[in-house]
Every structure is written in structure tokens, then in C-alpha cells.
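Spelled out, the chains give:
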Amino acid sequence: MMGLPMMTILIFLPLAAAIVVAAIDRKKTGALYGVGLAGSLAALALAAVVFVRFDPDQAALQFVERMAWIPSAGVSYHIGVDGISLPLVMLTAVIMPLALLSAWGSIAERIKEFVFSMLVLETALLGTFLAADLVLFYVFWEAVLIPMYFIIGLWGGPRRSYAAVKFILYTMTGSALMLVAIITLYLHSGPSLGARTFDLAQLRQLRVAMPLQAWLFGAFALAFAIKVPVWPLHTWLPDAHVEAPTAGSVVLAAVLLKMGTYGFLRFLLPLFPQATLQFAPLLSALAILGIIYGGIVSWAQPDVKRLVAMSSVSHLGLVTLGVFVMTVPAIQGSLLQMVNHGISTGGLFLIVGVLYDRTHSRLLGDYGGVAALMPRLAPLALIVVLSSLALPGTNGFVGEFLILLGTFRANPVYAALATSGVILSAVYLLWMYQRVMQGPVAVKERARMTDLTRREQWLFIPLIALIFWIGVYPSALLRRSEASVRALVQDVRERGNAAHLASHESRVTSHDR
Amino acid sequence: MTPPAVDLRLLVPELVVTATAVAVMLAGLFLPAGRQHLLRWLAAVGTLAALGTTLTAGADPTPAFAGMYVRDALTRVIQATALLAVLLAQWLSGEYVERTGLEAGEYYALMLVAALGAMLMAASSDLIMLFLGLETLSIPLYVLAAFARTDLRSQEAGLKYFLLGAFGTAFFLYGIALLFGATGSTGYRALAEHARTPAVIFQAGLALLTIGLAFKAAVVPFHFWAPDVYEGAPLPATAYMSVIAKVGAFAAFLRVYVVALAAQAGEWSTLLAAISVLTMIVGNVAALRQTSIKRLLAYSSIAHAGFILTGVVAGTPSGASAVAFYLLAYTFMTLGAFAVVLMLHRRGEEADQIADLSGVAWRAPALGGAMALFMVSLAGLPPTAGFLAKFYVFTAALDAGQIGVVVTGVLTSVVSAYYYLRVAYTMFTGQPHEDVGFAGGRWVTAALVTASAGVVVLGIFPGRVISFVQQVGEILR
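Residue numbers (numbering that gives the first Met the number 0), protein chains in the order written: chain D, 0 to 512; chain B, 0 to 476.
One should not assume that every hint holds.
[As the list claims (entries may be wrong)] Covered by chain B, according to a simulated footprint, are these stretches of chain D (three or more residues, beta-carbon under 8 Å): (1) 33–47; (2) 69–82; (3) 293–305; (4) 321–328; (5) 445–454.
[Claimed, not checked] Negatives, chain D to chain B, calculated, CB over 12 Å: (6) 21; (7) 29; (8) 432; (9) 464; (10) 471.
Just so you know, the hints here were simulated from the structure itself, not pulled from any lab data.
Note that the Cβ used here is the ideal one computed from N, Cα and C, for glycine as well.
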């Protein structure tokens, strides 16, 4: 078992399944979905093995594989997993089979291309989270865009073409400048590291002088902030989420947005510690604005899918805040909350999808009393809603509590403002639940409101299990991420402050002269 | 004065190409109408033989013909690219020329002669040789543009190309005359020596030379001919000229600027940087609103000329290697995109509108997938050849401190994603047109498969190709 390149197999298993899908006759829908599901479940099984065998005491990368890729340019195929990427790898592996399963009933045309795109997307996502070389990371990061562009553009709602283009232009603009920053880092790595390299572990040793470091920080931060999205760069998000098919929205909200917050932790903080300390207040302020803005805008939405989409701006604002207050509990909370948001918002989009499949309406006003018609959906939906608004006992509570605790220690004002977001989310989510599920039956076409099918029930059962499992026993995840997070926080604080002091001292000494 | 020693052994690849061109033209005269397809085999075998001799020829710098000609690594890499381009272009043309009745020995012979021109430009170490190469490249292309004798659009394209091309050549030649006046020689070495203390006349000559090359490469502001000519010329001729003219012109840019005038990089790089920025902006922005796939690819070729120029601007060995890699990637992805269009027809005519592509992918998924691949690559998205090509030129340019050029490059790449992905998207959406049918065949399929494989291999397993193109950089060290 040790000899096997576990991580490579994990990344490329879905791609292999995609190739099999490409070879299947397009009329055999069962086989197409079956192979897609089998491929993503196999990846999940492999990810579970990694999860179990992961050594929680080790802060560095594990299951490392390293090969020369383009040696002349200092690019290597370097992958591995640590406490920061592990939760996201697990999240991806869990969400993808569910997304495929959710499509099984609702996407009925061009199934072959759809399953193919989803599997390619999974490979790109896993690669993004596991890459430890900047060029390799960039390749996977950009490769995510292409299948997602087609998923939104081909299987989406009426304005799908506009939404797909907006999505890809926004995210490409950010990452284009990140590419310039990546190359600049590479060019600067020559003199101090001996040889030019794109390897993350080596580039972390690099000390980039300040004005340049701030520029590079800006380029990386922009790419990640667009992806999260951090207010005010969020305007692509409602369009993309609303127009995407259910499975696309689920993956977009649950996994793609986390690429941004993961990027903060994996690249921004360790590569630019000094600039991070300098700009953390700015990003924290934007995060808080996002929390409040997202909450208020969600409250005002008449469209239930848009409501869920805008709630992501608010929830991920909290995650971003946790990252930039840079205390161990806050970052651990952020990591956990990335997973939680994936589970709960993924669940919310699934609920919206289930309703939309029946009524073809997304307007809150077209619903009411659904609980009476769909008695099996109602309790499941309630649990998902409560998880999203962070009721104690559910997963959301643990994550938000840790973030707020960590934030309070660093800055009580931030924590107080962020708490308002928690209250707002309770308001709009419960309001949504009430409008849709409770009250007199107000759905026009009652006959279509059949209860959940067996397939649809299976969509929610794993999510509900995870909601309670993480809610009651979060240490399975927290224990695995702790060592890496602790090392990261210590590293950023030491190097950031040391560089800061050094520049301060040099200024003082130059004054003395 | 003794005549210079003539060593024909160095010229084997060029001689093979010439012999093939002559043989194809003669065979075209004598073969009966039903057997003209044998010309394709003849041309393909000759081109492959030339490719083989180029790759096996030595890469140690060997001058010949009294310093007019040099065979070195740059010669080898660019000649291989030119031969690959002509090979793929022949395959692309196979069924088209048969269907439209253009098939003749002349067609293939002209293609081969144009490739010969690009090969000579790559091997030039003297302005006269460069001029000969340039004309050998250009004149067949004028004829190819006008090759559809009964099509008015094609006639117009040929005339336009010829007039503007002749205009460009005049600039070029006048530049050579001034440089000869300034240096008393036409050799690159003399250029390098006199560039240290440049006279006004020297600089004027260099500027005119650059304008001539800019015409051929379709670089802004000397690009106006490109969209009209591309639109009017027969589709496979458009495909071929969009690639081979770039290969020749950028070989010349490398020879003149990066090799001969390396020491004065500081002076000319600013000028070329400005041209490059302008080209990337104009090419990409103008492509946004095109409805004809030929015009779109014309503006795309202008935009890519700007991207390739960033590697020249770098003026370093790695910049030169990056240019060579880009030309190779560009050959695969552009010819691939044209191959997809050549697989279709609209009532026997070229299916050259973007709208003609709508829904095609649902009738032919492989064709849709291939077009998506080429468009993603042209947009510079990973994991394709187009991404690594841009990655290399931008790395080289950043290394040379050209941050403004690189930032323009990445941002205009984002703009380009809009129109490239729209083409791919069109193939997957909407209803197929009843008028549009498939016109595939073995030859064009072979070209399509080769181009797809090239784009994927260069994007994912580029190791061997990169060590091949890196020889180019070595000649500068």
C-alpha cells in the first residue's frame, strides 16, 4: 500500500472515470450516471483511507509525491496533504457524488457531457487542494474554470450564457494577475534560494522586500478574494449560483468558493507574512462588511435560490474574518466552517433543487405549506437550515463559535460586529423556512408536490449524518488540522513581525547615522 | 577574388523541399484527373523527408555561402516548425481542394515554396538572404490567397494581400538599403558592430526593416490587411498563411533583434514593447465582435503576434526559446481550429460563420471536444499548449523587467477567453443548421488528430519539446 502513489490516484480517479464515460453510448443514461457515481465514490473511499491514516501530530505535508515535471523551468509535480488541505479534500470527495446523484433525476439531456464535466471538475478541484507547487496549483486552479463554465453555460437557467461568461471573466481576471505574481516570485527565488523554483515549501523561505511583497500579496489576494467572494467582488456570485443547475450550484457553493479561502491559508499567509500582518485589518473589515451586507441582502431576496447564494457571501465573510484575525482557534474554526458551509449550503441548494424540479419556480411567493405536502422533506430541511444558522448541536455552531472566540481574543469589536451576521442569518433562514414550509398550502400545482423519492432521500442522509457528527464530535477534524494551523500561525507571526522589526530597526539606525 | 565555397550538404532540408515542390508541380501536370490525389502522398512524403533531414542535421553553428547562411539550433527548430506547419496544412487541404476543384500540383508546390521561404529566413545571417527568404515566403502566399480563380472574394484577397505585401516589402528593402549605406555590408555581424555607435541612417534603416517584418507578421499598426485577406482566401490557404507567415517573420525578428542586435536590447526593446502592447490590445478587442470565424481567427492571429512579440521584447536566450515554443504551440492550435472548420460545409460552401457552428457538437461530439480544446488553448488556459506558451514568453519578459507588457498580456488573455469560449460554447448550444453538413475525410481528420495530440502533449508532457526548443537559447550564450 505504501508504494502506491495514493494522492495521484485520488486526483486522477475521477478523470479516469470521465474517460470511461466518454466511451459509453450516450443513450445508456443509467450506465453514464452509474460510472460517474462509481468514480466519485471510489475517490471518496480513497480519501477516507487517507483521512484515517493521516498523522494528526505532523504539521508538514503527508503522502508527499514529487516528480520533475518541467525541470528546466523549476516546475515539479509536487503534491501532498496536510491539516489545512485534508478537510477540503474530504469535502470535495463527499460533495461530488451527492451532486452527481442530485443530477440523476433532474438533468436528462446531454447526460454524457454533464457527467464528463463533473468528473473533470472533481479532478481539477482535488488537484487544486493537493498541489504543493505554484505552477501545478495554477494549472489545476484554472482548469476548474473550463468544466464549470460549461456546466453553468449548458445546463443552467435562462440567463446561463451571461452568467457563465461573467463567472469566467471575473475569476480569470483575478488569476491572471496571480500568474504574474507567481512568476515574479519564481524570478526572485533565484538569488536567495540558489536555484529558481516554483516549489511552495522552498518559496516560503523567501523574504521578499516590502513594497514588492505588498504588490504580490495584492495580486494573490485579489485572485482569492474574487473566488471567495469577498465584498465588494461578489457580484458574479448571485448570477452564477442562480443560473447554474442544482448540481452546479452545489459544487460551486460547497467547494469552488473554498478555493479562495483555502488559497488565503495555503499561499497568501505563508508566502507574504509581513504584508499579511499589514493588510489583515483591511481584509477583516471587508469580511465584516460582507457578513452584514450578505445577511441584509439575503433577507430582501424574493428568489429562494438567490437568497441561499447571497447567504454564502455572509457565511464566507465570517470564514475570511477567521483567517485574517490569525489566532489558532479562529483559523481552525475557519477551516471547520469551510466544511460546514459546504455541507449546509450544499444541502440548501439541494432543497431548492428538489422544490424547483417540482414547481419550476424559485420565488418564495409561489411556495407555502410545503411541509404538509412533503412531510419527508420538511424535517430534513429544518435540520439543514438549523445547521446553516449554527444551532448548537449542529456542525455550524462549532465552527462559528471557534471563529468568534478566536476573533474576540484578537479584537472584541470585530467579534461583536461579526455576531450580528450570525443573528441576521437566523432571521433570513428561519423566515425562508417559514415562508416555504409552513402556513396554509399556497402552492398552485399541488399534484406535482410529491414527497421525496428514495434517490432524493439519499441525497440528504449523508449530509444530515455529517451535520450531527461534526456537531457532536468535531475533534475528528479539528485534531487533524491543529498541528498544521498552529505551525502556520506561529510561522506567520514570527516571520511577519521579525521582518517588520528588522525594517523598523534599519530605519532607526539609518536615522542615527 | 575566389568564389565562396558552396557546401550543399548543409542545404539538404531546403533542397528536399525544393525538389518535392518541383516534383509535385510536374506530377500535377502529367497525372490524369482521377489520380491527382497521389500528389498529396508525394507532398507528404517529401515534407516528412525534409523534416527528418532537418532534425538529424547538426545544430553546431555552421555558416555557409560566405556568411549569408547559417545552420544552427535556431535554424533547426524553426525549420522543423515550418515543415510541421506545411505538413499539417497539406493534410488540412486534402479534401477541400478536391471538393472545390482547386486540386493541382501548383497548390501543393506553392505551399512548399512558402515553407522554403520561412526556412531560409530562419537560416539567414545576412539581410539579402533574409530578403530572399521573405519574398520566397510571400509570393506563393499572394497566389494562394487568390487561388480560387472563380471566387471574387478570393481574387480581392489576393490583390489586397499582394499590394499591401509589396508595400511592406518596399519598406523592408529600403531599410536594407539604408543599413547597407550605414554599415557598408549586409551581414548581421556588421549590424552588430555598427549598432554600438548608431548613426541616424542606421536607425532609420532598422525602423524600416522592422516595419517590413511587422507587415508580414501582421503586427499593429501594420495589420489592416489581415482580416480582409484571411476572410477572402480559400479556407485552407488562410489556415496555412496564418501560421507560416508568423513562423517566418518571427524567425527574422529573432535573427535581427535577439541574435544580431543583442547588445543593444535596451534601445529597441522599448519600441517593440510598445508595438507588442498595442498589438495585444487591438487584436483581442477587435476580435470580440466578429461573426465570421475566419475574421475572428485573423484577429486572433494578430493578438497572438503580440503575445509572441513579448518573447522577442525580452531579448534573452529564454525569450528566444519561448518564442520558438510559442510558434510550435500556435501552429498546432491554430491549424487545429481551422481543421474543425474545414470539417464542415454550408451547402458546399465554407461554413465560415460562427453561427454555422451552433449545435454541431451534438451531432459530432468529438469535433466539439476538439474545438473546445483548441479554443481553451488559444485562450491560454491550462492544461494546454497555449498556456505553457504564454507562461514561457511572460516569464522571459518579466525576467527582462517588462512588467507592463506582461500585465497587458495576461489581462488581454482574459479578454480573449471571452471570444474563444464563445466559439466553443456555440458548438455546444442551439440547434444545428440544416444547411451545415460534414465534409470530413481521412486527410483532414489526420490533421485534426495530430493537432489535438500536439496541443495536449505540449500542455501536459512538454519536457522533450522544451529541451528541443531550448537549444535556440543556447546559440545566444
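The hints, checked one at a time:
1. 33–47: violated (count 0)
2. 69–82: holds (count 4)
3. 293–305: Violated: only 0 residues of the region 293–305 of chain D have a Cβ under 8 Å from chain B.
4. 321–328: violated (count 0)
5. 445–454: That given contact is violated, which follows from only 0 residues of the region 445–454 of chain D lying within Cβ reach (below 8 Å) of chain B.
6. 21: With a cut-off of 12 Å, residue 21 of chain D comes too close to chain B, as the shortest Cβ separation is near 8 Å.
7. 29: For residue 29 of chain D, whose nearest Cβ neighbour in chain B is about 19 Å away, the distance exceeds 12 Å, so it holds.
8. 432: Non-interface label on residue 432 of chain D holds, nearest chain B Cβ at 36 Å vs cutoff 12 Å.
9. 464: Holds, because the least Cβ-Cβ distance between residue 464 of chain D and chain B comes to about 36 Å, which exceeds 12 Å.
10. 471: holds, 42 Å
Violated hints for the displayed structure, listed by number in ascending order: 1, 3, 4, 5, 6.
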